[in-house]
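With the hints as constraints, model all of the structure from the sequences given.
Residue numbers (the working numbering), protein chains in the order written: chain A, 453 to 782; chain B, 453 to 782; chain C, 453 to 782; chain D, 453 to 782.
If you're looking for bench data, these hints aren't it; they were derived computationally from the structure.
Worth double-checking, as some hints may not be accurate.
Intra- or inter-copy, both count: the list cannot distinguish identical chains.
In silico EDC-like links for lysine to aspartate or glutamate, alpha-carbon gap of 20 Å or less [unchecked claim]: (1) Lys613 x Glu568; (2) Lys769 x Asp496; (3) Lys521 x Glu568; (4) Lys769 x Asp748.
4 protein chains.
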Amino acid sequence: MTPEPRYGAGLWHFAQYVDRYATDGYGPPVTTLEAIDLAGQVGDLAVVDLNFPFNPPGLATAEVADALKRNNLGVVGITPEIYTREFCRGAFTNPDAAVRRRTFELVSEAVGVASELGADYVKLWPGQDGHDYPFQVDHAQIWSYAVTGLRSLARAFPETKFAIEYKPREPRVSMFFSSAAKTLLAIGDMDVPNVGILLDFGHSLYGGESPADAAQLAIDYGRLFGMDVNDNLRGWDDDLVAGTVHPIELFEFFYALRECGWDGVWQLDQFPFREDSVEAAREGISVMRTIHRALDALDVEALRAAQDRQDALAAGKIARRALLGAQAGG
Amino acid sequence: MTPEPRYGAGLWHFAQYVDRYATDGYGPPVTTLEAIDLAGQVGDLAVVDLNFPFNPPGLATAEVADALKRNNLGVVGITPEIYTREFCRGAFTNPDAAVRRRTFELVSEAVGVASELGADYVKLWPGQDGHDYPFQVDHAQIWSYAVTGLRSLARAFPETKFAIEYKPREPRVSMFFSSAAKTLLAIGDMDVPNVGILLDFGHSLYGGESPADAAQLAIDYGRLFGMDVNDNLRGWDDDLVAGTVHPIELFEFFYALRECGWDGVWQLDQFPFREDSVEAAREGISVMRTIHRALDALDVEALRAAQDRQDALAAGKIARRALLGAQAGG
Amino acid sequence: MTPEPRYGAGLWHFAQYVDRYATDGYGPPVTTLEAIDLAGQVGDLAVVDLNFPFNPPGLATAEVADALKRNNLGVVGITPEIYTREFCRGAFTNPDAAVRRRTFELVSEAVGVASELGADYVKLWPGQDGHDYPFQVDHAQIWSYAVTGLRSLARAFPETKFAIEYKPREPRVSMFFSSAAKTLLAIGDMDVPNVGILLDFGHSLYGGESPADAAQLAIDYGRLFGMDVNDNLRGWDDDLVAGTVHPIELFEFFYALRECGWDGVWQLDQFPFREDSVEAAREGISVMRTIHRALDALDVEALRAAQDRQDALAAGKIARRALLGAQAGG
Amino acid sequence: MTPEPRYGAGLWHFAQYVDRYATDGYGPPVTTLEAIDLAGQVGDLAVVDLNFPFNPPGLATAEVADALKRNNLGVVGITPEIYTREFCRGAFTNPDAAVRRRTFELVSEAVGVASELGADYVKLWPGQDGHDYPFQVDHAQIWSYAVTGLRSLARAFPETKFAIEYKPREPRVSMFFSSAAKTLLAIGDMDVPNVGILLDFGHSLYGGESPADAAQLAIDYGRLFGMDVNDNLRGWDDDLVAGTVHPIELFEFFYALRECGWDGVWQLDQFPFREDSVEAAREGISVMRTIHRALDALDVEALRAAQDRQDALAAGKIARRALLGAQAGG
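In structure tokens, the structure reads:
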């Protein structure tokens, strides 16, 4: 059997969630250290992605490192919070040059923390970049802001990998980095080697992409720096537990990764608003483990032959047999 | 010219917004009294809908009444907050009988406040009622919870009107009161005269309804207790300023209301996350005023004749002529 | 093990498909008799639903009966074609009284054929009823057309069951019978016992309903007269092979049917545009058979207990275990 | 006042429509010559885009040229029908090399006709290219088919411009050329100067793009070879009359074109299934003319300043004032 991948999770999986209705939160506040301890309880996590600044803001990186160590957790990514109040009208595409500079500074700090904690990449989640209304922006201008802002970061920190997590919308009504293709196009315009994509399965799915196709594309352009999974109803980023709604496309996504020889972390980005966060992470990992087994069970040769004919019925049958049998074997 | 309608707004229009990304809010905290003063600045608002409990929670109703009075504002509705942490797994459909009782209590308190402030109705916004995952609920059971819960409230307060604001989703992935038709069906099952619908134009639009059709249906069943407007991109409840994206369907919606003789408040339910809330309200009212003028300009006889033939091109031309000319006249 | 259900299919599954691009069809023309022979080749079909008029139009019902007999097929429904050119501006809601009468006549003929062939119901697929543009119709008027038209049919043929197949849209941009709830509401207004619903899983799914919830509702109102299944990407009625995209919700749908004691035909409504139609039917039946086994394997008691707590993780785990194991056992 | 643009229409606007329900068509058959005469009746059309092969297939190009001349119509594009039965499993991405060659041949013939009739470009509408089911295709393989197929055409006919009309889906469940960004990425990979984009406003809108943004992007990459407009409900390619649902985004789209100095044909791609096709074209042109006037009325300087601040309320107000006033002036 193929060795298991390393499993990871965004640390926010274990944090308090807030939205515009439950403004008092879907549970009590959780500090960074507490969230790390919760992540440690999952039992199968090897790495986490950490929001920065930490919570509370003053918390020393060394303390975080200690907490990680005692929980036997590594760090796959650092996610600077370029989407809070200060950045609510945009980080890279903010109309105010001072905020764009502030974005540069906060990401720069995150680069330092990433280096200190040995993260693979700094993740950029530009959820406030874009626009809300028709006529609100000059689209060429915000393209320029986004491309030059990222490029200058990439050049300032040539040893750091920056992974853009694209998404069609939310919190911005129309996000700038909205799809795999648009992000790759913008990265091409940046013309730097160290900016890539963090592909979120759910963002891709509800954006109308085939996540397997998006993964293939990002890999073929040499830009798949990371990925994470979850599920939704194809209309919004629900961040449900992975595999609970769309197990077949999730399987196809992981198949594309394996076929391309991609060997990064298999990561969770779930928001269990109303569930126990540790239990939800375990469920997500259990689903990923099923898929890992299914990949070993898959008759790849027969599948490739069916795909060569674009024979949907044959290919689907081969895939279902492997997926469903694998679970039973578990 | 037909006399202008009374314009209203949900008081949350002027509050602080929070979401799962900008957890520190899209602006500073705003108390109920401050929000009332902001509403007063708009200049054209006659009434507001107030969240309850007030902010801060201890605030006396008499103080609220004073603030309303000095701003020359009446109260159209009271909206008990049955969607905060306590109710995050459901209010009426919560699996825990204690929370269902707590829902009854909080709504009962709101009935008292509504009475004290002279509101037209208590609005029920059951955003946490429903489910998130396949297999999570027994659908017959939550139907029963919803119907019996509402019925017992309606019978306990026969003098009070309760207006259900339906919506397909958010915050719950799948809301129980999801459409006009399903809400009317459930109200029929309740078999009480004092439960009706608060029709939110945006909820209807992104739920795939024709808002005009939904309004007609609710009126024909004698259940349109209130309405509010905003706009979105048909994929989510963006709560944009009314008329900024879909002015034609907004016009058709108000046309249906006038044709049916409905004469309630024309209300705003906007969330100007990144805009000045007073200015956004003024814009929304300016759009509604344009539509009010357009209704006067509309060649209703010709429109009815075109509709009788279901002649889309003729009907559309008549409507566009009225809408666009009215604005120019403004 | 629970006895297997009877499997069925719409006969159009085996016909030629045409759309606005491949106007020469996705394959050669297929007559009704040829389609019956194809259905017979599937091997596991017990019944079919037949379009009427037959193809070619003059074909005698006795000949159809012979073809069915030699293929060992019964008839579950007759579907009068109230959606062709003649009815393209509506059948029941057509602005022209002559076309509304013609609808009555064609359906009446179908009643005769249904009786002759021993069908369970006449299926009404009012795909052209509704509207396309804002302002095109008077919504109260078309409600009245639809309700009175159906009511008069139901009263004219009190021994016949009429099953309305609702759908949000296509071919009409906005269909009148758009959801389970709206159809139930209209049926209530008809006030006749012999009009019900044909619930198409795919219509429900892409209409934003939970198909299990819709089935429960139709059954609780005593109106689930038939159902069929297929799959899609939740944005359109793709009519893909059942279970190829959303096996979990399909399982939940059949679970709801069994829990309610519903024992009708398990029917396919697939459009294999680019696949072999016999093979596609076999695949769909294979998936339904897997689900049938999974229902037997399901720990219903534990599931009910989890649903009673609305415990999404526990319920999902129980369901996945049954579904995936069942397939493996097949 | 700025001189009016040339108005155009796809000739299919005046043809017979067929779909999978009204298989006998939404009206009687229409030949190419009859369709040209209908286009001539509109009165304001300067150019058309012609499907090829003509209808009936044997029709001589000279006869078509005569018909165009007597109707005073030029030719903007030729659209080879690479989406009929023969190509239903794909044109450029078909698994069968013989069909891929046949695609090359048919497009080559269209190049000859385009040259003969003086068309600006050959339009490629690859509606059957892509996939329907998970696991059906090897995404890298079909990328390669699409890129090499288009590249070889472009190199074989270096004097001809090829305009790809992208769309998310329909008839294929998932089209290969699905968005502006993905099409630009693939064009970049082709590395030829004479392949570009035909931007359909409706495709962009229901694909979740901002059409103005997509236009800007295509122009900035030097690849906007053509465009056409229509409207829809953002969930499907309804091809409604332009401006009947989304006049504001249509206005923004034309604003982006003018700001970029793009001066091509303003073209209609409407499918008036249930309306008179000549009347529907006149309505669409009337809407475009209103927008043309509105562009002249627009306070561009103030708008640019508002966009520079990303001030949604101010920008929207400026745009609405121009759009609505322009109509009134008409």
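The hints, checked one at a time:
1. Taking the closest pair of Cα atoms, Lys613 and Glu568 come within 20 Å of each other only inside a single copy of the chain (14 Å); across copies the shortest separation is 54 Å, beyond that limit.
2. When the C-alpha separation of Lys769 and Asp496 is checked against a cutoff of 20 Å, the pair qualifies only between copies, where the shortest distance is 18 Å, while the shortest distance within a copy is 31 Å.
3. In this assembly of identical chains, the alpha carbons of Lys521 and Glu568 lie at most 20 Å apart only when taken from the same copy (13 Å versus 58 Å across copies).
4. Proximity of Lys769 to Asp748 under the C-alpha cut-off of 20 Å is restricted to the intra-copy arrangement: shortest distance 16 Å within a copy versus 22 Å between copies.
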